[in-house]
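Q: Spelled out, the chains give:
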Amino acid sequence: MTRTETRYPDISHARFSKAPLPPRAGAGLKGDHVDQILADPWPVGFLEVHAENYMGDGGPAHKALTAIRNRFPVSVHGVGLSIGATQGLDQRHLDRLAAVVDRYEPGMVSEHLAWSTHDGTYFNDLLPVPYDRDTLDRVVTHVQRVQDRLKRRILIENPSTYVAYAQSTMSETDFISEIAHRSGCGLLLDINNVFVSATNHGFKPMNYLYDFPLELVEEIHLAGHAEDIDDEGERLLIDAHDRPVCGDVWALYDIVISQIGAVPTVIEWDNDVPDWPVLRREAQAADAILVASGRIALLGSRHASV
Amino acid sequence: MLFSSPAAASHFLAPAMHRSDTPLGLSSDAAFAAALIDPDLPVPHGVVGPHGKKADRRFAVYRNTVTVSLVTALGDIFPVVRKLVGEGFFRAMAQIHVAASPPSSPLLFDYGRDFPAFLEGFEPVARLVYLPDVARLERAWLDSFHAADADPLDPEDLGRVAPDRLADLTFTPHPAMQIVASRYAIVSIVAASRADQSLSSIEPLEPEAGLITRPDSSVILRHLPEGGAFFLSALAGGAVLGEAAGQTLADWPMFDLPSAIAAMLEAGAFTACANSSS
Chain A
0 MTRTETRYPD
10 ISHARFSKAP
20 LPPRAGAGLK
30 GDHVDQILAD
40 PWPVGFLEVH
50 AENYMGDGGP
60 AHKALTAIRN
70 RFPVSVHGVG
80 LSIGATQGLD
90 QRHLDRLAAV
100 VDRYEPGMVS
110 EHLAWSTHDG
120 TYFNDLLPVP
130 YDRDTLDRVV
140 THVQRVQDRL
150 KRRILIENPS
160 TYVAYAQSTM
170 SETDFISEIA
180 HRSGCGLLLD
190 INNVFVSATN
200 HGFKPMNYLY
210 DFPLELVEEI
220 HLAGHAEDID
230 DEGERLLIDA
240 HDRPVCGDVW
250 ALYDIVISQI
260 GAVPTVIEWD
270 NDVPDWPVLR
280 REAQAADAIL
290 VASGRIALLG
300 SRHASV
Chain B
0 MLFSSPAAAS
10 HFLAPAMHRS
20 DTPLGLSSDA
30 AFAAALIDPD
40 LPVPHGVVGP
50 HGKKADRRFA
60 VYRNTVTVSL
70 VTALGDIFPV
80 VRKLVGEGFF
90 RAMAQIHVAA
100 SPPSSPLLFD
110 YGRDFPAFLE
120 GFEPVARLVY
130 LPDVARLERA
140 WLDSFHAADA
150 DPLDPEDLGR
160 VAPDRLADLT
170 FTPHPAMQIV
180 ASRYAIVSIV
190 AASRADQSLS
200 SIEPLEPEAG
210 LITRPDSSVI
220 LRHLPEGGAF
230 FLSALAGGAV
240 LGEAAGQTLA
250 DWPMFDLPSA
260 IAAMLEAGAF
270 TACANSSS
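These protein sequences, in sequence, are chains A and B. The first sequence maps to residues 0 to 305 in numbering that gives the first Met the number 0. The second sequence maps to residues 0 to 277 in numbering that gives the first Met the number 0.
So here's chain A without its partners, still in its complex pose (with noise of 0.2 Å):
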């Protein structure tokens, strides 16, 4: 991913030209809004697409995919690839991810930090792990198979998540620290899911972002979150990616985009899908810290604009 690479796309494979996802504002693709997107005059700064909405072998969205990646860089987020499952990666969903990837040649490619199946079934839902070493060491081999898999390096997200283990050892932050080191990975931070299990597990944001090892951040991701109560009545933040971002999660990007600079920014939205016009004005807004912040970043330009 070097900024020298030939102008010029090698014909023999290469069906798009190279686009590496620029220090903007993104958004979460949504079938409904091709159309829109692609007569705004306004350009949204890329677009990310969940993995799996893409593992069909053809058909219209592919084709919808195909004009977004035409006219824009995309990111490729992966959703079922289970990466903490204790039973092992599956080969063949590893395989499809590999495919779409392939097939698109993506700025970025990312995962979570979680596990979806399980003795053959599948959630639909990124379910938590435990901090221990024992789950490290799985976790860490994982992503070098996926990394291998996909000859690329990828980022992995820090979740959101409503229970702990008792069986856990180590911090989140420590845990995914220790991930990227040994895996080489990047890390993909996502502020709403820190907002979430900061309320729900009763620490501070701030708290979380010293610890955290922001110089591996590559990608960030804004959403909204529901609001419920726990069993003593407290609040208890649901990751339900179905509102706008809140203030106080505008306000937490702001600081770390002051650290680190401007960094490639998904807004996600994927229940109670607004018009496009709500979406993109989620990502002006984030578009605008991005300039305002960006500039004093301490850590200076080293996501310098393409």
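Treat the hints loosely; a few may be bogus.
Partner residues are not named here, just some residues of chain A that face chain B (Cβ under 10 Å, in silico) [what the hints assert, rightly or not]:
1) Ala63
2) Ser81
3) Thr85
4) Met169
5) Gly183
In case anyone wonders, no lab produced these hints; they're calculated from the structure. The beta-carbon is built from N, C-alpha and C at its ideal position, and this holds for glycine as well.
Guided by the hints, dock chain B onto chain A, whose structure is given.
A: The following block gives chain B in isolation, referenced to the frame of chain A:
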């Protein structure tokens, strides 16, 4: 929609829960997975809230997300079934199916293959005799949607075949071509429902067969005439044109062969033809 209903919440607060009921010695995700599926199991051993807090409502968030997201996925795969029985009834019914037959793959567009058979055995919808075949048609529609891309057979290719060689032709089915035949008026029901039209004029006990194709980028559903499903299935199964036509006409003497061939070309049901004897 991610919140627990009051009834569900009180269930999770029921005093009958003893953490020692949870089988020990399982991997963390094995115990977690078992309790996700079976709401009568207690919160898995070792799954806790922070600072000594309880984890019942917390764990219920996972249970609820799994169920709600999979029920929603089924509803998106079977929108006509959902509309026919009503949203509330559908969600309750789908929840039973999700618990009994959760997905085995992260590809949710592959989910629901057992749902038509489930509907056949689900007593509360027994009077909606057409419902399982409506579901089969919807499942086939989604398979067509995600099938591989291919250019349909160019009618001119067929026009170039010498008339005396036509009977020996075999046809390659388009990956997105699906044929669904039923004793019920499933094509009319699905077409009207998906177009938000009234179903009141449809006589549900009329047998119908549908051809699903994707000649361009959109999935198209067409009525097949009597004998049409047999004819196209025979061709798709590798029968030569003469044989498929002969067998169809033997059973359906009124079958209009030229119209059927014109319609299958227009629909993009096949990608290529070849002379079997050459």
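Q: Evaluate each hint against the coordinates.
A: For each hint, the structure was consulted:
Proximity of A:Ala63 to chain B holds as hinted, the smallest CB-CB distance being about 9 Å (cut-off 10 Å). Interface restraint check: A:Ser81 against chain B, minimum CB-CB distance 8 Å, threshold 10 Å, status holds. Taking 10 Å as the C-beta cut-off, the interface hint given for A:Thr85 holds, the closest approach to chain B being about 4 Å. Residue-level restraint check for A:Met169 is violated (minimum Cβ-Cβ distance to chain B is 14 Å; threshold 10 Å).
Interface hint at A:Gly183: violated, since its Cβ lies 25 Å from the closest Cβ of chain B, which is beyond the 10 Å cut-off.
Going through the hint list in order, the structure does not satisfy hints 4 and 5.
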